[in-house]
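Trainee: Listed below are the residues making up each chain.
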Amino acid sequence: MSIERFNDNIRNAFGSLEQRINGAAGGALHALRRSALEAFTTQGVPTIRHEEWKYTNVLPLLASDLQQSPDSDLAAHDLAALGHMPDVDAWRLVVVNGMVRTDVSTLPEGDAAVTVQMITDDLLASHPRVAAAFGHITPASAHPFVAVNAALTQQGILVHVHGRLARPLHILCVGDARASDILHTPRVLILADTHAEATIIESHHTVGTFQALDVTVVEVLAEAGSHVRYFKLLHDANNASHIGSTAAVVARDARAVCATVVTGGRFVRNDLHVRLVEPGASGYLYGVSVLDGTSFADNHTVVDHVAPHCHSEELYKGVYDDKSVGVFNGKIFVREDAQKTTAYQSNHALLLSESAQINAKPQLEIWADDVKCSHGATTGQLNEDALFYLRARGLPEGDARKLLTHAFAAEVMDHLDDDAIRTHMVALIDEALA
Amino acid sequence: MQPILTIDNLRAGIEGREILKGVSLTVRPGEVHAIMGPNGSGKSTLASVLAGREDYEVLGGSVTFMQKDLLEMAPEERAGEGLFLAFQYPVEIPGVSTANFLKTSVNAVRKYRGQEPLEAAAFLALMREKMKLVEMDQSFLSRSLNEGFSGGEKKRNEVFQMAMLEPTLSVLDETDSGLDIDALRIVASGVNALRSPSNATVVITHYQRLLDYIVPDVVHVLVNGRIAMSGGKELALELEAKGYDWVKNTVPVEA
Ligand SMILES: Nc1ncnc2c1ncn2[C@@H]1O[C@H](COP(=O)(O)OP(=O)(O)O)[C@@H](O)[C@H]1O
Ligand SMILES: [Mg+2]
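Chains as they are written, first to last, in this note's numbering: chain P, 1 to 434; chain D, 435 to 689.
No wet-lab data here; the hints were simulated from the structure.
Some clues are possibly wrong.
Here are a few chain D residues that face chain P, going by a calculated C-beta distance under 7 Å [stated by the list, open to error]: (1) R487; (2) E506; (3) G516; (4) L519; (5) G529; (6) A533; (7) S539; (8) A627; (9) P631.
Every residue gets a Cβ at the ideal spot worked out from N, C-alpha and C, and that includes glycine.
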């Protein structure tokens, strides 16, 4: 059965990784991997009987014989063509099948306020903040695929931002699926120092026509007064599946702005956790999904108000055509100590076809009493009054529908303060709507 | 001269209920017609049927606009032909800026008429000129269409759009409601500035007040889906003094 084969593949991949790293198998990193493998074995592959995977069936993905394949020989010029952002002047960090490709990456040099390096046993030993964050912001117990990532990641990447980043850093997670069905597990830790400011873009790309599943984990530590913008772009091919988990821990007066745009791919599951752990922290979560065909996208978000005087805003929208299916799960926790919390959430879905579906579940758990929280959700078709208004002003019906659909989705991006990136994201949305 | 609009014994309804029960009306170039009537008499229904709202079912009669069968046309074709409806309740459209919307609208109508789209500079100049008419601030252009606009701002925006589209026939549905006296004056002078011997205006209103500023050639009183009475501009004053019950009582229902 496919689950058993997947379990075997994970164990075998772990075994070959152990051989590859040879001498380092006794180190702290490998100890993390080993306990992650145990965590995976304990949890097992989730089925729709698990509450958090109720609408999200991963079994069809496991019908393919997904294997890790760290030795990709994808040519530099093929990689250069991926994830091009005409409006955004970004550094590029290219990761192919989980391994960093320095030959095609363009990384900052000198005093660029950022260092990008591999996470090694030495680094963990010499850098207590990294050791405290890596594998701890998102522990392997978070969910079974996080455990898969933690067990199989050979190269964890540290992005350490010390100051104000002059350009965005674009991390491209590429799957080389030209020869066989693949599984790859990119892993990144973003450490933003006190008062640092960084824009990170994460995008996913599959080359080749075999099935590809990438299981990505990104941990973010936003220290006091820092400002982290994190943009995730998923506009991959329809043989590409993605299970991603991003968690941000946000300290005093720091701000994390996260935006996720899904405009393609066979299957997408995004977990985004934002933990506001000290007073004055704020989290902003934005998402747009534009799906058609039989695409599937699940956005699972958690905003955890741990400390008092924190603020969060969340806005997710989806446009679903054909037989596409969307899931939105938005949890807000307000812990007992988190007085004076303000937390707002809304999610809206536009169904353009009778067979499209959205399963939305907002979930507020509030233990503090002096808080302002709200959530709202809508599902529907285009507003007939608006449609008529536009037509009465001369717009042909098709154009009026397109304009309203565009406005519905693109409006989310108005909340972003970076013009170039907003332009790029709106272009992606428009391309998907065209 | 050919009439701009001829409504002949128009009957229309919604969800099986007849609301307009035989309305006839002829509007000629250069004229201003006022349609007054109590709430619920069918004024907005008439405006919606003219503009092509599909929720309403036409049950009988005909409407001819510039020698063409209006009822055969899609709403956007009616706009292209030169019909403009200023909505009683302008719709808020988040995410579409007023400027972008206007450009799309103006160019859609121009395309319908076989004209080239306006170039950016010409379009901007036109917007600036027309905004002055209704004393609208530039800042509205970058805001989402009608979103968060006050009642008065929405109505001014309707007249601004009317100015941009230069319609042959404008139907203003309660453009005066919710306006203070200053806003009313601005809106009315905007409408008056757009009047010409070749176009016409139908002003729908509940109150006589607006007609002090936009002086009608003909006043019609719509009661219970029928034009119960028509007359000159004095009729509006008489109505104001005597109330709608006067019409209901003096005119036989089947008039
Ligand atoms: N969309 C609709 N659905 C059901 N009834 C409607 C609708 N629009 C109008 N009506 C009814 O038709 C009648 C006339 O309404 P309307 O044309 O809005 O009147 P007026 O504009 O003169 O106040 C009212 O009784 C109203 O309730
Ligand atoms: Mg009305």
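Trainee: Would the hint on A533 (chain D) be counted as holding, given a Cβ-Cβ threshold of 7 Å to chain P?
Mentor: At about 13 Å, which exceeds the 7 Å cut-off, the nearest Cβ of chain P leaves the hint on A533 (chain D) violated.
Trainee: Close enough to count: is the Cβ of P631 (chain D) nearer than 7 Å to one in chain P?
Mentor: violated (24 Å)
Trainee: So, as I understand it, the hint says A627 (chain D) touches chain P; can you test that by seeing if any CB pair is closer than 7 Å?
Mentor: violated (20 Å)
Trainee: Next item in the hint list is G529 (chain D). Is there a CB on chain P closer than 7 Å to its CB?
Mentor: holds (3 Å)
Trainee: Measuring from the C-beta of E506 (chain D) to each C-beta in chain P, is the shortest one below 7 Å?
Mentor: E506 (chain D) check fails; min Cβ-Cβ to chain P is 15 Å, beyond 7 Å.
Trainee: Do the numbers back the hint for S539 (chain D), that is, is its least Cβ distance to chain P under 7 Å?
Mentor: Since the shortest Cβ distance to chain P is 4 Å, the answer is holds.
Trainee: Closer than 7 Å between Cβ atoms is the bar; does G516 (chain D) clear it against chain P? Give me holds or violated.
Mentor: violated (10 Å)
Trainee: Was the hint right that L519 (chain D) lines chain P, CB cutoff 7 Å?
Mentor: holds (6 Å)
Trainee: Would the hint on R487 (chain D) stand, with a C-beta cut-off of 7 Å toward chain P?
Mentor: Result: holds, 6 Å to nearest chain P Cβ.
Violated hints, in rising order: 2, 3, 6, 8 and 9; the structure is consistent with all others.
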